[in-house]
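With the hints as a guide, bring both chains together as one complex.
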Amino acid sequence: MTDLLALDDVNVYYGPFHALRGNTLTVGEGEIVSLLGGNASGKSTTMKTILGLIKVKSGTVRFEGEDVTRASTRHRIKAGIASVPEARRVFPQMTVDENLLAGAYTRRDRVGITEDLERMRDYFPRLAERRRQEAGTLSGGEQQMLAFARALMSRPKLICMDEPTMGLSPKLVDQVLDEIVRINKELGVAVLFVEQQAELALSIASRGYVLATGEIVLKGTARELLDNPQIQEAYLGKAKKA
Amino acid sequence: MLDTLIAGLLRGNVYALGAVGISLVFGVMNVVNFAQFSFFGLGAMLAWFFITTLGLPFWLALPLVLVVCAALGLIINISVVRPLAKFLPLAAMLSTYAVSQILDNASQIAFTAQFRVFPPVLPNSNLHIGNMRFGTSDLVMLSTTAVVMLVMSLFLKYGKVGRAIRATSQDQEAALQMGIPVGLVQHVSFVIASALGGLAGVFIALYVGVANPASGLNIGLTAFVAATLGGLGSLVGAVIGGFVLGILEAFGIHFFGDTSRQIIIFVILIVVLIARPGGLLGKVPLISTEPLTGTFLGKGRPLRIPRWVWAAAFVVLGIVIPLLRNDYVLITGTQVLIYAIIAAGFTVTAGQAGVLALGQAGPIAIGAYMSAALTMQLHFSFWVALPVAGLCAAIVASILASPIWGVKGHYISIATLGLGITIVAVIQLIVPQGIYNIPVPQWFGTALTTPTAYYLIDFGVLVITLLVMWRIRRSHLGKVISSVGSDEVAALASGVRGRNYKALAFAISAFFAGIGGSLLAHQYTYIDPTIFTMLMSLLVVTIVIMGGVSLPYGAVVGAIILIGAMELLRFTPELRIIVYGLVLILVVRFRPGGILVRNS
Numbered sequence: 001m002t003d004l005l006a007l008d009d010v011n012v013y014y015g016p017f018h019a020l021r022g023n024t025l026t027v028g029e030g031e032i033v034s035l036l037g038g039n040a041s042g043k044s045t046t047m048k049t050i051l052g053l054i055k056v057k058s059g060t061v062r063f064e065g066e067d068v069t070r071a072s073t074r075h076r077i078k079a080g081i082a083s084v085p086e087a088r089r090v091f092p093q094m095t096v097d098e099n100l101l102a103g104a105y106t107r108r109d110r111v112g113i114t115e116d117l118e119r120m121r122d123y124f125p126r127l128a129e130r131r132r133q134e135a136g137t138l139s140g141g142e143q144q145m146l147a148f149a150r151a152l153m154s155r156p157k158l159i160c161m162d163e164p165t166m167g168l169s170p171k172l173v174d175q176v177l178d179e180i181v182r183i184n185k186e187l188g189v190a191v192l193f194v195e196q197q198a199e200l201a202l203s204i205a206s207r208g209y210v211l212a213t214g215e216i217v218l219k220g221t222a223r224e225l226l227d228n229p230q231i232q233e234a235y236l237g238k239a240k241k242a
Numbered sequence: 001m002l003d004t005l006i007a008g009l010l011r012g013n014v015y016a017l018g019a020v021g022i023s024l025v026f027g028v029m030n031v032v033n034f035a036q037f038s039f040f041g042l043g044a045m046l047a048w049f050f051i052t053t054l055g056l057p058f059w060l061a062l063p064l065v066l067v068v069c070a071a072l073g074l075i076i077n078i079s080v081v082r083p084l085a086k087f088l089p090l091a092a093m094l095s096t097y098a099v100s101q102i103l104d105n106a107s108q109i110a111f112t113a114q115f116r117v118f119p120p121v122l123p124n125s126n127l128h129i130g131n132m133r134f135g136t137s138d139l140v141m142l143s144t145t146a147v148v149m150l151v152m153s154l155f156l157k158y159g160k161v162g163r164a165i166r167a168t169s170q171d172q173e174a175a176l177q178m179g180i181p182v183g184l185v186q187h188v189s190f191v192i193a194s195a196l197g198g199l200a201g202v203f204i205a206l207y208v209g210v211a212n213p214a215s216g217l218n219i220g221l222t223a224f225v226a227a228t229l230g231g232l233g234s235l236v237g238a239v240i241g242g243f244v245l246g247i248l249e250a251f252g253i254h255f256f257g258d259t260s261r262q263i264i265i266f267v268i269l270i271v272v273l274i275a276r277p278g279g280l281l282g283k284v285p286l287i288s289t290e291p292l293t294g295t296f297l298g299k300g301r302p303l304r305i306p307r308w309v310w311a312a313a314f315v316v317l318g319i320v321i322p323l324l325r326n327d328y329v330l331i332t333g334t335q336v337l338i339y340a341i342i343a344a345g346f347t348v349t350a351g352q353a354g355v356l357a358l359g360q361a362g363p364i365a366i367g368a369y370m371s372a373a374l375t376m377q378l379h380f381s382f383w384v385a386l387p388v389a390g391l392c393a394a395i396v397a398s399i400l401a402s403p404i405w406g407v408k409g410h411y412i413s414i415a416t417l418g419l420g421i422t423i424v425a426v427i428q429l430i431v432p433q434g435i436y437n438i439p440v441p442q443w444f445g446t447a448l449t450t451p452t453a454y455y456l457i458d459f460g461v462l463v464i465t466l467l468v469m470w471r472i473r474r475s476h477l478g479k480v481i482s483s484v485g486s487d488e489v490a491a492l493a494s495g496v497r498g499r500n501y502k503a504l505a506f507a508i509s510a511f512f513a514g515i516g517g518s519l520l521a522h523q524y525t526y527i528d529p530t531i532f533t534m535l536m537s538l539l540v541v542t543i544v545i546m547g548g549v550s551l552p553y554g555a556v557v558g559a560i561i562l563i564g565a566m567e568l569l570r571f572t573p574e575l576r577i578i579v580y581g582l583v584l585i586l587v588v589r590f591r592p593g594g595i596l597v598r599n600s
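Quick note, the sequences are listed as chains A and B, same order. For the record, in the first sequence the residue sitting at position 149 is 149 according to the numbering used here, with numbers rising by one throughout. For the record, in the second sequence the residue sitting at position 537 is 537 according to the numbering used here, with numbers rising by one throughout.
Extracted from the complex, chain B is given alone in its bound form (with noise of 0.2 Å):
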């Protein structure tokens, strides 16, 4: 009992120092910084590199990687975050989630994905008291912290800048009649969340005795809970929901195994969501001072398609490709058309509800799962089960997110990554291994196995998607829903019950999620839950933002350019990433409301 405690506390040390970065850079800018998570990860590869690549000693790798983070930070919030966050705090947000995974690939092409054996810089379980085993490890990792928090709150408290940070951070307009100059207070907390990160990333490395680039995004996660946990913003609340948090884990963990780490997690954010949203110490947010209901996209004008174009385009998708009989051109083909159709159906979420979800991969999961279950368990034909897999992803994902559309802004964005996540974590609980011999689809007795039948079926899939979805925008209840997306205030002042239309919303994006999931599954015949990553969700959001938020046929468009053209390109998976992420970044940054959007 005692060691699980000990576990938690040094988990829960890493989650303080974490949670405290993101905290404070949530205070003066009103970003919620996912780029901040990739210093978890890349912390710890750093010391990696610093200490058994260039033989540095531990005292002198520790301040390096401190310096590297900090910098690194610093480049982030002048290039991309700051430009974005006095107009767009959402914009922002997506803009940092698409650096944190750029940083995270650059990250594994420059040290591999593998894990490597972190070196065991100083003794473990080399100290007793009574049964309980601890190592010097562990004892300078939690008297680093606590001297970090020591000077931390002095300079908050005494210093200069610290007082200018508090300033800023309870109201910015203030701070800049007084002279305070928020830019460079911004800056700075960047600066210290950048190096917070790093020694965060260092610590879990020296704990868990691995390191691996990618391991950056769950502790990060697991951290922003912890400050939401604390109340956004407070820093004392950032320690405590640090700790408590860690504890948690590790009593979650030494009860129910690893795997129910990311369920336990996503649990208390949506408990503390509902229950308590400002967090523990923080203040429950008021409507006026929330500055990320709505969307940021909505803004521009469409451009003209003429008819023509979309003939052409008919002939060239349906008729054209498919006449080509290029097997890598139809492979490549289908592949684009199944991520057009999650990705039309998704715009009524992200464009129409002004709903940002981040965790497409888990209806997606759901639904090629289902169909799986469906035709290998039940026998059902791939025709039935199709709509049925859709039908399956849209009620469970409804269920699974119905706590979360009273929350707002960035805490819904969140709040849907961790249900993406733990989705996917529920199933590889339930399905640890892949599912092989999917069967394939049969047409009258007829086994589909060639790429020409797969490219047309789901080319007719998404003609009935992209149909289905200029219906729901034309209709009233589509109007509505964008009632809801462009101010859920005034919408509710309506009578519109802005949540339940969110939630629609959402279930129509997850039901093409779970139909483009399954149509997956059959074309691959095989599924196992490294399929439905992260980096799905982000290419479903950036093809959405890309070709723009709310247009379903903007959704075609970019498939086509972010699939079909990294494709033929032949880059690589981390290379595709780094380029999904600048593309999301520039399109963000220089055209908001997607490429076939003119600004106003």
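Chain A with its partners taken away, still in its complex shape (with noise of 0.2 Å):
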């Protein structure tokens, strides 16, 4: 399997304070990979990294075999990397059509743009209807699902997503999880995420990592992981027995 995305020893600073140690991490094409951790142990920061938004202190970010360490977030969109911000982020005064059309920014071919336009309506059906409502009025799960149509506008190869269960109820989560496999095998889409239940992320995911205050601590395969003791004592709930 070929890596997408490639980060290779990427360190990464906040002035004096070292965000990001050392890190390795793949994605491959086509692949679901997630990204676990407890609070500030740099999650959103190896997010924002392989956006571009963070400069990066030494290590190198590939994607498709390319150099995008020092590329701008525009570009590295263009080449196929799209976001859905954590807290999805849908801008709130604008309509759903123009929240669409904001994640197409990169693009240049209006044909292309128009035809994508359908395809989402169609893909997402509870957007189309709502399509001249303002974003700020929907409900979290169609906020969510608008934050995921609007990262496909770029038609992207990765979509980068931070946290997207967060403040979801239960059942809107697995409706989540749910989409993010659809878009995955049925656009072909790779995604990386990040997700504080390890079970419900290992639950879709083939791969992941875990990190703990900017270093990723341990990798492997779901199945690895979910029955790995650290793992089930730090993020299961599941004490050793003593």
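Derived from the structure by calculation, the hints contain no laboratory data. In this text, a Cβ means the ideal position worked out from N, Cα and C, and glycines have one as well. Any given hint might turn out to be false.
Stated by the list, open to error - Straight-line alpha carbon distances no greater than 27 Å define the calculated DSSO-like cross-link-like pairs of lysine-lysine that follow:
no., chain 1, residue 1, chain 2, residue 2
1, A, Lys-185, A, Lys-171
2, A, Lys-55, B, Lys-86
3, B, Lys-479, A, Lys-157
Said to hold, decoys possible - Covered stretches of chain B, as calculated for chain A (at least 3 residues, CB under 8 Å):
no., stretch
4, 94-102
5, 163-170
Structure representation (structure tokens):
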């Protein structure tokens, strides 16, 4: 399997604070990879680094073999990386359609954009119903669908999702996870997503990485991680038997 | 009545153009752009220059004005605003204030400060409908605005860059993640806002028939109030706010006269800020999205000053300078001391409470007028009048400022700026002429008229001021005020009612401002409202920021440099303001804690 995205020995600093400590991470084509970890472990920083919103001190970021370590966000999006920001962050006073167009900002092919707009409406019928409605008036689940659709508007090969289930009810969480799988299977888009709940994340991911204080401390296939006693203790609430 | 309505529409037209620019920039950058205010004056002067001096036709002069304003706006954004806006929105705002002073005074140097008759390029009062009179000029202005607004709204609704502007103002972080070039969006917004400001300036000159470099600030402040009324960041709101304000103002002037203008505007601002802080169309800002609470100037550590420096400074300022018996040095020194007193008293507000009040000329004026009235009408001794003047300044300023402590960030600076202007406007309303022959201080029957005597009095007051400020800093009260300044929400969570302490800090500062005003009045023996200008307020802020915003002794250093050095270099007033502005920008940019504070 060729690597779509490859981070190699990436170090990131916030002033004197060492936020990412020599992390190496890969996402293969069409793969779902989960990024696990507690608060302030560096998950969001990793996402922002991949998108080029934070400067890397050392190490490389490659996308489809191309070194994009110093490339702009715009360039990376054009190359095929899209983002679903933390807490969805749809543009609240813009309509659903306008939000989708904002997702296609880096594209210049008008015809293609119009086609994709139609595709997204077919793909997410709820959004089609509400296309002229302001995004701020949508429900949490609908906003999440909009955030997915907005990311897809740039025709990405990889979508980075920062806690897509944040603040949603358990029932909606399941729906969102199903949706991630559907996007991955039907559109062939690779997904790297951050999730706090390890069990849920590993139920759809093929592989996972565990971050702690800026360092990748564990990695492996979903099965390996689920069976790992450290994970069971720290994230799955299954304490070691005394 | 209909005439008044038309007058209101025409004024509102100008405010709407200005307010849209202010709202646009605020939306994408979270900065209130004072530099925008200058474009009103600058647009008018440039148009006057192009038409009368260069003899260009109006249709050519107008686009030229817009291009020049747009280019200037771009330069300002690249050099001053954008580098600061990301990290320190409040510092960026302060810098735009400095930029606006620089622009106004550069324009005064270029075009001189006098009022110029603006050529009647289009006929006025040539149309009649019933008993309404209006002109082609009015129609052109209103329809131009209508076209501009229509183009703007189409651009924002359907244009790619327009949508990017909206996306950025609604969620900058998300916009970045969509690959929207936020920097470019901000540049474009600045350019549009500056051009709109220039256009508004040309219109106001066309409407009133005269142009003057300093006219920008008042119009700018009104346009800002219009933007706030409509809801900062909302462009439709800005247009509505502009017209509502223009009409209210026209009727106010119709019924109460022209001097009531500023009072009406300020009252509207306060009412909006209290009753509906988000404006008519805006959303009420949440604490979490308000990036401007607290002070940006608290970082860094004051330089350690050895004891002997204090002693040496005391000896030089208090003994050596008076012994020189050089009247010129002593008179300059007196100015330095008075501003040092005012600025040292201001540190508790600006530094500790974190309230960047921009209208200290208000309480200074109150002190000066009270002291004059007490000694002349009630025959108080100067020594009694001095503290009473301070007290009056504190009380009056506190009462007037009491509604504004609930508001935050930019609003509080703007509100205090408006407050300062309003106080001076009210004084002008009550005492339109200057006051002459204010009695000089007496010391056991001897009139103290020599420069040495004034110098020593002011030196004594400064020493007392510094001791009081030092004591306050050390006290429990001082620490509570500092806690409010550094994190108001946290202070509130610990049971500290922030607004009360802000009000108290402001009252302390107003007291010393009043004392300073009284000293000024008795030294000059003549006062009139033109002394207590925006420049005076800017000077106080610049002194404090230069010396280190929460260091009372820093104020003394700041006053020596900014007043002493300027005087000794014999700079003209316009040039001085430009230097003040540059100093302010440079200090805020490179040494935000002030020159006596090492960056951390």
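**Message:** Under the constraints set out in the numbered hints, which ones does this structure not fulfil?
**Reply:** Violated: hints 3 and 4.
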